[in-house]
Each structure stands twice: as C-alpha cells, then as structure tokens.
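Go ahead and model the full structure; you've got the sequences and the hints to work with.
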Amino acid sequence: MNTLATYPPPPAGPALDFHQLPVAPDEGLPQAFGCLIGATAYDFGLYVSLDAPATDPPEMLYDLAAPVPAAAATAPPGYLVLRVVRHGPAGPQVQFLRKLVAEPELVHYAGPLAIRLVTAKVAKGNLNGPGHYGTQIVIGVALRWV
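Counted the way numbering that gives the first Met the number 0 counts, the sequence shown spans residues 0 to 145.
The set of hints was computed from the structure by calculation and includes no laboratory data. Treat each hint with caution, since some may be false.
Unchecked claim - Subject to a maximum C-alpha distance of 16 Å in a straight line, what follows is the list of computed EDC-like cross-link-like pairs (lysine to aspartate or glutamate):
| # | residue 1 | residue 2 |
| --- | --- | --- |
| 1 | K123 | E26 |
| 2 | K120 | D55 |
| 3 | K123 | D50 |
| 4 | K120 | E102 |
| 5 | K120 | D62 |
| 6 | K123 | D55 |
| 7 | K120 | D50 |
| 8 | K120 | D16 |
| 9 | K98 | D62 |
Claimed, not checked - Ranges of calculated distance between the beta carbons of each label pair, as one might list FRET restraints:
| # | residue 1 | residue 2 | range |
| --- | --- | --- | --- |
| 10 | A74 | Q19 | 23 to 29 Å |
| 11 | L96 | G133 | 26 to 32 Å |
| 12 | P76 | G110 | 26 to 32 Å |
| 13 | T54 | Q92 | 26 to 32 Å |
| 14 | K98 | Q19 | 15 to 21 Å |
| 15 | A51 | A14 | 19 to 25 Å |
| 16 | R97 | M59 | 23 to 29 Å |
| 17 | K98 | D25 | 20 to 26 Å |
| 18 | D50 | P88 | 41 to 47 Å |
| 19 | L142 | P57 | 36 to 42 Å |
| 20 | S48 | H131 | 36 to 42 Å |
| 21 | V80 | P57 | 18 to 24 Å |
| 22 | P52 | W144 | 18 to 24 Å |
| 23 | A14 | P56 | 41 to 47 Å |
Remember, predicted model here, so these are calculated numbers, not experimental data. Beta carbons are placed, not taken as given, at the ideal position from N, Cα and C, and that holds for glycine.
Spelled out as structure tokens, the structure:
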C-alpha cells in the first residue's frame, strides 16, 4: 500500500487534513493503486476521457480545470474519472465513482472521505501509455470523521 504525502486544506470551508494521493503521472492513464487512509484500505482507479486530435504531439498538455468565467461558456477538453473502493468486513464496496473537476473549493464526499482535484493537466503521450510528457495530476483526500 502507498502512503500519503501531506497536502494543505482548501482555502475555505471545513478544516480537513488533505493528503495527496500517490498518482504516478508518468505511468500514464488509466491507472490504479491501493492506499491506506486511516486504518482502512482503499483501491483507487483513475482514467481520463479526452477529445484529443490525432495530430497533436505527445507533449501536448490539456488542462482539465474548470475554465475561468468568460463571456461565452467553454468546456474543458475532457475530464478525469475517479473510482474509490473501500475494503471492509463485508468485502470491497464502491464508495465513489464520478467525474472530477479541478476547481479550488470543490470538495466531493464519499462516505468518510473528502476528495478534491487540485491539478489536472494531461499530456497526450500519457493517454494509454507511460512516459515523461508533463502530465500533472494532484488529488487531495481527507478523512471527514474517524
């Protein structure tokens, strides 16, 4: 199981102790990893849905953050999907399965967990393949209660 690096709480809202999930951007997407949060084992799965032109080079970065307010609404080029499975006495149970948006104060709740996507920049070369292309994914997770 992986350990979590300390991550600062969001600028506003409840005082949650966020830690960064051990996403390995150079491993590419999709990816899966296990992690202990508190005393509970979780499995995380992460994939991206992205509309990337075939002509873009592998180093092309797509920012999946929510766009800044503008006169005309624009959508990000894609999104990340996170799946969280909690292990317990009744066996594995899906706690969370949804799209994430990198928005500074948006916190998702999944049972005892709080989750927020801080950074989501995906390089075309990391779609279905490993390599160092500049992908940056930062997801914070915190226990809401013990």
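Hint-by-hint comparison with the structure:
{"no.": "1", "hint": "K123 x E26", "verdict": "holds, 13 Å"}
{"no.": "2", "hint": "K120 x D55", "verdict": "holds, 15 Å"}
{"no.": "3", "hint": "K123 x D50", "verdict": "holds, 10 Å"}
{"no.": "4", "hint": "K120 x E102", "verdict": "holds, 13 Å"}
{"no.": "5", "hint": "K120 x D62", "verdict": "holds, 4 Å"}
{"no.": "6", "hint": "K123 x D55", "verdict": "holds, 7 Å"}
{"no.": "7", "hint": "K120 x D50", "verdict": "holds, 14 Å"}
{"no.": "8", "hint": "K120 x D16", "verdict": "violated, 24 Å"}
{"no.": "9", "hint": "K98 x D62", "verdict": "holds, 15 Å"}
{"no.": "10", "hint": "A74 x Q19: 23 to 29 Å", "verdict": "holds, 26 Å"}
{"no.": "11", "hint": "L96 x G133: 26 to 32 Å", "verdict": "holds, 27 Å"}
{"no.": "12", "hint": "P76 x G110: 26 to 32 Å", "verdict": "holds, 31 Å"}
{"no.": "13", "hint": "T54 x Q92: 26 to 32 Å", "verdict": "violated, 43 Å"}
{"no.": "14", "hint": "K98 x Q19: 15 to 21 Å", "verdict": "holds, 20 Å"}
{"no.": "15", "hint": "A51 x A14: 19 to 25 Å", "verdict": "violated, 38 Å"}
{"no.": "16", "hint": "R97 x M59: 23 to 29 Å", "verdict": "holds, 26 Å"}
{"no.": "17", "hint": "K98 x D25: 20 to 26 Å", "verdict": "holds, 23 Å"}
{"no.": "18", "hint": "D50 x P88: 41 to 47 Å", "verdict": "holds, 42 Å"}
{"no.": "19", "hint": "L142 x P57: 36 to 42 Å", "verdict": "holds, 38 Å"}
{"no.": "20", "hint": "S48 x H131: 36 to 42 Å", "verdict": "violated, 23 Å"}
{"no.": "21", "hint": "V80 x P57: 18 to 24 Å", "verdict": "holds, 22 Å"}
{"no.": "22", "hint": "P52 x W144: 18 to 24 Å", "verdict": "violated, 45 Å"}
{"no.": "23", "hint": "A14 x P56: 41 to 47 Å", "verdict": "holds, 43 Å"}
Of the numbered hints listed earlier, those contradicted by the structure are 8, 13, 15, 20 and 22.
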